[in-house]
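Protein chains: 2
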Amino acid sequence: MAKDQKVVTKAEKDHFRAELANRQQVIKNAKLPVVVLIEGYSAAGKGSAIGSIIHYMDPRFFKVYNMDVVSEDEARKPFLYRYAQKLPKQGQIAIFDGGWMDATVHGYVSGALTKKEYEKQVTSIRQFERQLVDNGYLLVKFFLEIDEEEQKKRLGGLADRKNTKYRVSDYDMEQNKHFKEYRKAFREFIKATDTGICPWNCIRADHRDLVEKKVASTITAGIDAMASHPHVAELQENPFPMVEFHGLSSYDLTDKVLSDEEYRKELKECQKKLAKLHNKIYRKKIPVIIAYEGWDAAGKGGNIKRIAQALDPRGYEVFPIASPSTEEKARHYLWRFWTRLPRSGHIAIFDRTWYGRVMVERLEGFCSENDWKRAYNEMNEFERDLTDWGAIVIKFWVQIDKDTQLARFTDRQNTPEKQWKITEEDWRNREKWDLYEGAVNEMIEKTNTTFAPWHILESNDKKYARIKAMKIVIQAIEERLANPI
Amino acid sequence: MAKDQKVVTKAEKDHFRAELANRQQVIKNAKLPVVVLIEGYSAAGKGSAIGSIIHYMDPRFFKVYNMDVVSEDEARKPFLYRYAQKLPKQGQIAIFDGGWMDATVHGYVSGALTKKEYEKQVTSIRQFERQLVDNGYLLVKFFLEIDEEEQKKRLGGLADRKNTKYRVSDYDMEQNKHFKEYRKAFREFIKATDTGICPWNCIRADHRDLVEKKVASTITAGIDAMASHPHVAELQENPFPMVEFHGLSSYDLTDKVLSDEEYRKELKECQKKLAKLHNKIYRKKIPVIIAYEGWDAAGKGGNIKRIAQALDPRGYEVFPIASPSTEEKARHYLWRFWTRLPRSGHIAIFDRTWYGRVMVERLEGFCSENDWKRAYNEMNEFERDLTDWGAIVIKFWVQIDKDTQLARFTDRQNTPEKQWKITEEDWRNREKWDLYEGAVNEMIEKTNTTFAPWHILESNDKKYARIKAMKIVIQAIEERLANPI
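Residue numbers (the numbering used here), protein chains in the order written: chain A, 329 to 813; chain B, 329 to 813.
Hints may be right or wrong, so weigh each one.
Copies of the same chain look alike in the list, so a pair counts if it fits in one copy or across any two.
As the list claims (entries may be wrong) - Derived pair list, reagent style SDA-like, types lysine to any residue, alpha-carbon separation capped at 25 Å:
no. : residue 1 : residue 2
1   : K799      : T548
2   : K749      : A346
3   : K604      : S696
4   : K480      : T777
5   : K600      : G684
6   : K633      : I802
7   : K417      : R642
8   : K505      : L538
Calculated from the structure, these hints are not laboratory results.
Turn these sequences into a full structure, and let the hints guide you.
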């Protein structure tokens with residue numbers, strides 16, 4: 329077929345472009361977030377395919393991301409951060425012009441990634457894609473194919489013209505030079521990530537109009553299918569190595585106390601050690617994530633404060649996690665944690681965490697049963713991504729008994745300057761103590777992975793809990809420094 | 329006085345640290361946002377002063393920013409962006425370890441800024457600081473002074489020890505080498521920015537404990553003063569050159585029409601031109617900001633769409649502006665626009681803008697009279713910062729008459745697929761047409777600056793308005809390309 333023969337008439341083109349543009353209303357009504365991933369060989373026409381499909385779309389509802397250049401900030405975050413951060417909210421479309429496939433394959437072929445790192449990344453990607461779909465995203469993946477000769481011709485054509493010369497990168501030329509290697513790697517990647525719920529759409533990209541038609545109509549069909557038949561997520565078997573857990577009741581709180589004198593002495597020593605270690609992880613660029621969960625009035629705030637006091641304020645951040653904002657609710661529930669990750673060498677302390685999903689959101693019915701049951705595995709996967717990246721992940725459950733909580737609530741109620749710390753909601757939650765205890769036990773049991781285990785802080789005596797927390801953080805950092813990964 | 333003599337007792341130190349920490353409750357209750365700026369000579373002890381004052385603070389309520397390294401993203405935004413972006417919300421404290429003073433003085437002395445650029449920056453800073461205070465922020469500025477010999481000694485001490493060596497930068501050594509020059513420049517800067525509402529606190533930094541005491545007690549006193557006597561902002565005289573405006577009624581809408589044929593032809597030509605110009609501004613790194621305001625149903629969406637169609641999606645972004653989120657309401661009202669600025673070479677299109685302050689927020693009573701009256705000047709200052717940075721700022725008012733609005737509302741009401749576009753609020757706003765018209769006339773009159781003038785788009789015929797908008801954008805870009813700044 330001659331290249332300039334009209335295989336797609338103007339009327340036909342107008343039609344499929346308009347059909348897709350009309351789907352924006354469907355997306356909006358169905359509160360569907362859409363991710364379109366356009367991958368493919370250099371010069372296969374990714375950019376022009378995108379330009380074409382968005383032609384009739386209302387620019388307020390989509391965003392195109394070119395992912396070529398990794399910013400300094402992105403380079404200091406986990407591999408998937410830059411994509412996770414750009415996830416669209418419900419009713420919006422994010423189009424990635426090249427994405428996690430290109431970055432992974434290029435990294436592997438160029439030697440920047442070892443075989444093992446490559447495989448880890450592929451696993452992360454499979455999980456990430458499944459999580460997107462399971463959490464209500466429509467994900468449409470395209471791979472645009474051309475052959476070696478055609479690529480060479482196109483790159484040559486671009487490089488020859490003054491106005492398009494800048495569009496040919498070193499990477500493009502490199503890809504053509506090692507075309508067979510790249511082809512093999514692309515195929516391997518596609519095979520590894522062509523899953524039932526996130527299949528690839530591979531398109532021969534010889535003819536621009538046909539590419540455009542295929543891309544537009546595939547997205548249109550995807551939207552229609554998802555809007556009429558929402559995806560039902562399946563629960564995954566737990567694939568992660570676990571540490572056994574025998575329930576909160578197995579922790580004796582009575583004898584876990586420190587005298588004022590012991591406390592002062594230990595605090596001073598621990599803070600001194602921690603300050604030194606902070607300096608070391610900063611220089612070695614090790615990220616640390618400390619997650620606090622626990623009963624109301626268990627003493628999370630004071631515990632966090634004692635750790636923070638030891639740290640250089642330029643190298644850590646504390647995130648108090650309240651109920652999600654509208655922007656946050658409209659996205660994957662882990663999005664607000666992805667976007668709060670520390671840079672390498674920094675410490676992020678979370679005062680309440682992603683585990684809200686399987687506690688308050690579960691018990692108050694803010695998410696479906698399928699949602700919270702699935703979340704155990706999703707959070708394990710999330711934490712695995714973090715530890716694979718090199719992070720030390722420390723999870724604390726701050727434990728008190730019911731009587732101690734009552735005493736502290738009453739004290740707050742009766743002390744004017746503490747009254748802001750106690751709300752009606754705290755009393756309501758207290759009534760559900762047993763339900764929460766059940767949920768917490770299940771949570772710890774199912775997320776007590778070897779790479780990110782829980783630590784129970786006995787906090788009937790807050791001083792004891794503070795010192796225990798610091799010692800755990802110190803030990804975790806020292807172990808890592810002794811055994812770098 | 330000997331250096332290691334205890335000029336401040338431990339009890340005293342505990343006292344002023346605790347006093348400051350206690351103020352976090354005051355800040356929270358008064359919904360006060362606090363900015364602390366710690367400037368000073370290298371090695372004057374900025375870091376240790378900060379470490380000390382935050383010692384007892386709850387880490388969930390403050391954040392320390394080290395501003396040394398300008399990120400790639402920040403380098404492509406206006407000078408003040410990186411500070412504006414980090415503004416705390418109500419009840420929070422942001423502490424800048426070095427800030428806009430150091431960046432400006434260093435830029436000037438090192439020759440990176442010309443005299444004229446330096447002076448522009450100083451003007452911006454004066455305005456920025458005043459705006460912060462006028463908009464309810466407590467701003468406390470410190471300058472820590474040491475002399476040449478002392479600095480040399482301290483830098484030498486740091487450089488000699490293995491663990492502190494990395495803390496001495498080239499800039500620090502440079503500053504000591506050209507100490508007198510820097511001293512002169514610091515003094516000039518202080519003089520130029522030591523205003524009645526944002527005064528400097530200059531502190532002799534020979535003794536660490538005294539610095540700490542002065543800093544802590546000054547912040548404490550500042551919080552108490554502001555919490556008990558809120559600042560009342562004064563209205564500024566307009567200092568900007570203006571273009572005359574004769575009211576919306578002076579625009580005749582009747583004869584501003586295009587035939588379908590004229591429209592198609594013009595649209596094609598304009599989009600082609602615009603696509604080329606987009607490429608050019610991208611390469612020349614010129615940022616463009618297009619702001620749309622107008623009556624409900626005036627045709628803003630369709631107008632924006634025709635411009636966006638012509639653009640490379642990787643180089644522009646459209647921001648639909650609805651009512652502010654909780655995070656946004658808790659900050660300076662321009663914060664949500666500062667954080668949405670385009671990178672240099674990109675285009676940002678705002679579908680509704682910061683002018684909401686003097687329209688809906690004024691008329692619905694969402695801000696005080698002082699707030700909206702002050703806003704004209706504040707928005708002119710904001711836009712001046714943008715044009716000084718090099719941005720092309722284009723402001724559109726999309727104009728229709730009352731009958732046309734009624735016809736369009738009715739059409740939306742009666743057409744199922746358009747019903748989402750019309751709400752009760754639209755009808756309520758329509759009842760206040762005359763009030764709005766008065767507010768719009770005043771707004772345009774007071775913000776019609778020569779550097780960011782308004783353009784009225786007669787949109788009874790949407791086709792006419794679209795072409796007019798595109799031609800204005802084309803002309804503005806062409807003029808800039810012909811006359812680079």
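Hints and how they fare:
1. K799 <-> T548: neither (55 Å within a copy, 34 Å between copies)
2. K749 <-> A346: For K749 and A346, only the inter-copy Cα distance (19 Å) is at most 25 Å; the intra-copy one is 55 Å.
3. K604 <-> S696: The answer is neither: 45 Å in one copy and 50 Å across copies each exceed 25 Å.
4. K480 <-> T777: neither (49 Å within a copy, 52 Å between copies)
5. K600 <-> G684: Answer is neither: 33 Å inside a copy and 52 Å across each miss the 25 Å cutoff.
6. K633 <-> I802: within (16 Å within a copy, 56 Å between copies)
7. K417 <-> R642: between (31 Å within a copy, 19 Å between copies)
8. K505 <-> L538: The answer is neither: 27 Å in one copy and 66 Å across copies each exceed 25 Å.
Going down the numbered hints, you'll see the structure goes against 1, 3, 4, 5, 8, while the others check out.
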